[in-house]
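**Q** Residue-level listing of the chains:
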Amino acid sequence: KNEVEQSPQNLTAQEGEFITINCSYSVGISALHWLQQHPGGGIVSLFMLSSGKKKHGRLIATINIQEKHSSLHITASHPRDSAVYICAVSSSNQFYFGTGTSLTVIP
Amino acid sequence: NAGVTQTPKFQVLKTGQSMTLQCAQDMNHNSMYWYRQDPGMGLRLIYYSASEGTTDKGEVPNGYNVSRLNKREFSLRLESAAPSQTSVYFCASSESILGSYYGYTFGSGTRLTVV
Chain S
1 KNEVEQSPQN LTAQEGEFIT INCSYSVGIS ALHWLQQHPG GGIVSLFMLS SGKKKHGRLI
61 ATINIQEKHS SLHITASHPR DSAVYICAVS SSNQFYFGTG TSLTVIP
Chain F
1001 NAGVTQTPKF QVLKTGQSMT LQCAQDMNHN SMYWYRQDPG MGLRLIYYSA SEGTTDKGEV
1061 PNGYNVSRLN KREFSLRLES AAPSQTSVYF CASSESILGS YYGYTFGSGT RLTVV
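As they're listed, the protein sequences go chains S and F.
According to the numbering used here, the stretch in the first sequence is residues 1 to 107, in order.
According to the numbering used here, the stretch in the second sequence is residues 1001 to 1115, in order.
These aren't lab readings, by the way, just hints derived from the structure by calculation.
Hints may be right or wrong, so weigh each one.
FRET-style restraints, in silico, Cβ to Cβ [stated by the list, open to error]:
1) S:2 with F:1010: 26 to 32 Å
2) S:104 with F:1084: 28 to 34 Å
3) F:1088 with S:94: 16 to 22 Å
4) F:1016 with S:106: 45 to 51 Å
5) S:41 with F:1080: 25 to 31 Å
6) F:1015 with S:16: 28 to 34 Å
7) S:60 with F:1070: 36 to 42 Å
8) S:44 with F:1041: 34 to 40 Å
9) F:1079 with S:16: 22 to 28 Å
10) S:56 with F:1039: 27 to 33 Å
11) F:1012 with S:39: 18 to 24 Å
12) S:7 with F:1079: 16 to 22 Å
Here are the simulated SDA-like cross-link-like pairs (lysine to any residue), alpha carbons at most 25 Å apart as the crow flies [claimed, not checked]:
13) F:1009 with S:80
14) F:1071 with S:80
15) F:1057 with S:30
From the three backbone atoms N, C-alpha and C, an ideal C-beta is built for every residue, glycine too.
Chain S extracted, bound-state conformation (with noise of 0.2 Å):
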């Protein structure tokens, strides 16, 4: 079993549309973080959580603690929002990760 559980692993949305990617954990963690993955290979850290909210442009991330589940909103979706979204927790000193959602935006 995965210690973090990504859904849905495609998503395929037309330009505009509010998207909204989940992760579930089930290990105790001191934060979770979400990467984006560009088609070239890059990986971009977007955000690290621990409690709580955080927004950055059209990016909002949530977690709650207690229900150990987090999402990732992109509001007013683009092309260039097409990627991987890879959610990754750390514990301890280990770091666990999903195996990502691939997101297709069409114009």
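Fit chain F to the known structure of chain S by using the hints.
**A** For chain F alone, coordinates are given in the frame of chain S:
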């Protein structure tokens, strides 16, 4: 530009050859990591170094060795490459404070093929 630099970007090896992947960060981070990424499996931790002078095994350490040369550099060595080690390798670094990790930054990846 500040960040994590890993080299090479691409490499093809024959089975049994050895090579070292280099990684350097200029953010003064304490912790550094090596991951491999395979289709359908997500990122898996090979080795990590919580601080200069320490290294620990991750989820998939077999067939690899690491060296934390100094605070900036963390190298990954394949002593005798096998086709199962064909993967994309990422180096990352972060600051760690009281068990929380900040400034998590990845290198651009090394695509390794073992034939």
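**Q** Look at each hint and say if it fits the structure.
**A** A quick look at each hint next to the structure:
Distance hint for residue 2 of chain S and residue 1010 of chain F: a CB-CB separation of about 29 Å, consistent with the stated range 26 to 32 Å. Distance hint check: the CB atoms of residue 104 of chain S and residue 1084 of chain F are about 30 Å apart, consistent with the given range 28 to 34 Å. Separation of residue 1088 of chain F from residue 94 of chain S is about 20 Å and conforms to the stated range, judged on CB atoms against 16 to 22 Å. Checked against the hint of 45 to 51 Å, the pair residue 1016 of chain F and residue 106 of chain S passes, with Cβ atoms roughly 46 Å apart.
A C-beta distance of roughly 26 Å is found between residue 41 of chain S and residue 1080 of chain F, which places it inside the suggested range of 25 to 31 Å. Distance hint check: the CB atoms of residue 1015 of chain F and residue 16 of chain S are about 50 Å apart, inconsistent with the given range 28 to 34 Å. Hint check: residue 60 of chain S to residue 1070 of chain F, Cβ distance near 39 Å, so the stated range 36 to 42 Å holds. A hinted range of 34 to 40 Å for the beta carbons of residue 44 of chain S and residue 1041 of chain F is inconsistent with their spacing of about 20 Å.
The hinted window of 22 to 28 Å between residue 1079 of chain F and residue 16 of chain S is violated, with their beta carbons roughly 52 Å apart. For residue 56 of chain S and residue 1039 of chain F, the hinted distance range of 27 to 33 Å is satisfied, since their beta carbons lie about 29 Å from each other. The given range of 18 to 24 Å is respected by residue 1012 of chain F and residue 39 of chain S, whose C-beta atoms sit roughly 22 Å from each other. Taken as a hint, the range 16 to 22 Å is violated for the pair residue 7 of chain S and residue 1079 of chain F, whose Cβ atoms sit roughly 39 Å apart.
Taking the CA atoms of residue 1009 of chain F and residue 80 of chain S, the gap is near 24 Å; set against the 25 Å cutoff, the hint holds. Distance restraint check for residue 1071 of chain F and residue 80 of chain S: the Cα-Cα separation of roughly 35 Å exceeds the 25 Å cut-off, and the hinted pair is therefore not satisfied. For the hint pairing residue 1057 of chain F with residue 30 of chain S, the CA-to-CA distance comes to about 20 Å; that is within 25 Å, so the pair holds.
In this structure, the hints that do not hold are numbers 6, 8, 9, 12, 14, in rising order.
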